[in-house]
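2 protein chains.
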Amino acid sequence: MELDGEEVDRLFHALADRTRRDILAQAMTGDHSVSALARRYPFSFAAVQKHVAVLEKAGLVTKQKHGREQRVVTNIQAIERARTLLDHFERLWVERLERFEAVLEEED
Amino acid sequence: MELDGEEVDRLFHALADRTRRDILAQAMTGDHSVSALARRYPFSFAAVQKHVAVLEKAGLVTKQKHGREQRVVTNIQAIERARTLLDHFERLWVERLERFEAVLEEED
DNA sequence: ATAATCTACAACTAAATGGTTGTAGATTCT
DNA sequence: AGAATCTACAACCATTTAGTTGTAGATTAT
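Chains A and B are the protein sequences, given in the same order.
Mapping of the first sequence onto numbering that gives the first Met the number 0: position 103 corresponds to residue 102, and the numbering continues sequentially without gaps.
Mapping of the second sequence onto numbering that gives the first Met the number 0: position 58 corresponds to residue 57, and the numbering continues sequentially without gaps.
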């Protein structure tokens, strides 16, 4: 598993904004159109539309057309992906600790 | 647990850069000074120093002075924190699924 | 003592980010 | 048919970001 790549950049960058995290949380709990989401924030429709686009490029959401509306649907796999990446970081740390403990064992 | 706040912004933003993720991975596997880290990248010392500062403000690393060196040490709790935040997102999604399933049960 | 190394920080630049307004095409409502 | 709604996208602006070079203070090595 690679910890580099622009895909990962986009994923964490999308999560690094309060409004986008809130939009994502909204989309997690129910289906909302872009304009329904936009009404919840003190920003223009276009601003919220851009945030959704950032989430979409990060793979965190997709859009489904329903008539004139565009429903924002979460992609739970992208969250799993982010978690897996963090797990790999943690493992590096744990493995180092284990190596350290192995050395202590030898010293006995 | 809050999913908002500038602290969280800083955390995910720090992770949203390939070089910083790599620096973090290096710091996870062993102790390195800032200049030792800087030598591994095709950037100036100052650039790497800034990346470390971003990681530090995000709480992902701390610095420990050893003589003229500054050792970069990871703070595993910050990674745990990020994982916990992602877990909360996932839970929103799962809870929604459960509500949905409960409705289906009722219909029987 | 002097030179080399490590760090901190300021000043600068180009590009990206997050917001705005405005225009225009689809779709739905009356 | 005409009005209202939803979306897409361009153009613009202010701020932040990620890089640079340069200067200066502390510490270590010769």
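Treat the hints as calculated values from the structure; they're not laboratory data.
Mixed in with the good hints, there may be bad ones.
Among the chain A residues that face chain B by a calculated CB cut under 8 Å, a handful are [what the hints assert, rightly or not]:
(1) T28
(2) V33
(3) A35
(4) L36
(5) R38
(6) R39
(7) P41
(8) A45
(9) V72
(10) I75
(11) F88
(12) E89
(13) L91
(14) W92
Here are the simulated SDA-like pairs of lysine to any residue, each with C-alpha atoms no more than 25 Å apart in a straight line [as the list claims (entries may be wrong)]:
(15) B:K49 / A:K49
(16) A:K64 / B:V33
(17) B:K64 / A:K64
(18) A:K56 / B:V93
(19) A:K62 / B:F99
(20) B:K62 / A:L84
(21) B:K62 / A:K49
(22) A:K49 / B:R9
(23) A:K56 / B:K64
(24) B:K62 / A:K64
(25) A:K49 / B:G4
(26) B:K62 / B:D86
(27) A:K62 / B:P41
(28) B:K62 / A:K62
(29) B:K49 / A:E97
(30) B:K62 / A:R70
(31) A:K62 / B:H87
(32) B:K56 / A:G4
(33) A:K49 / B:P41
We put the CB at the ideal spot given by N, CA and C, even for glycine.
Against the structure, the hints come out as follows:
| no. | hint | in the structure |
| --- | --- | --- |
| 1 | T28 | 5 Å, holds |
| 2 | V33 | 19 Å, violated |
| 3 | A35 | 16 Å, violated |
| 4 | L36 | 15 Å, violated |
| 5 | R38 | 19 Å, violated |
| 6 | R39 | 14 Å, violated |
| 7 | P41 | 14 Å, violated |
| 8 | A45 | 22 Å, violated |
| 9 | V72 | 11 Å, violated |
| 10 | I75 | 5 Å, holds |
| 11 | F88 | 5 Å, holds |
| 12 | E89 | 6 Å, holds |
| 13 | L91 | 4 Å, holds |
| 14 | W92 | 5 Å, holds |
| 15 | B:K49 / A:K49 | 29 Å, violated |
| 16 | A:K64 / B:V33 | 50 Å, violated |
| 17 | B:K64 / A:K64 | 57 Å, violated |
| 18 | A:K56 / B:V93 | 23 Å, holds |
| 19 | A:K62 / B:F99 | 20 Å, holds |
| 20 | B:K62 / A:L84 | 24 Å, holds |
| 21 | B:K62 / A:K49 | 37 Å, violated |
| 22 | A:K49 / B:R9 | 21 Å, holds |
| 23 | A:K56 / B:K64 | 41 Å, violated |
| 24 | B:K62 / A:K64 | 50 Å, violated |
| 25 | A:K49 / B:G4 | 21 Å, holds |
| 26 | B:K62 / B:D86 | 29 Å, violated |
| 27 | A:K62 / B:P41 | 39 Å, violated |
| 28 | B:K62 / A:K62 | 44 Å, violated |
| 29 | B:K49 / A:E97 | 31 Å, violated |
| 30 | B:K62 / A:R70 | 46 Å, violated |
| 31 | A:K62 / B:H87 | 22 Å, holds |
| 32 | B:K56 / A:G4 | 23 Å, holds |
| 33 | A:K49 / B:P41 | 33 Å, violated |
This entry does not satisfy hints 2, 3, 4, 5, 6, 7, 8, 9, 15, 16, 17, 21, 23, 24, 26, 27, 28, 29, 30, 33, going by the numbered hints stated previously.
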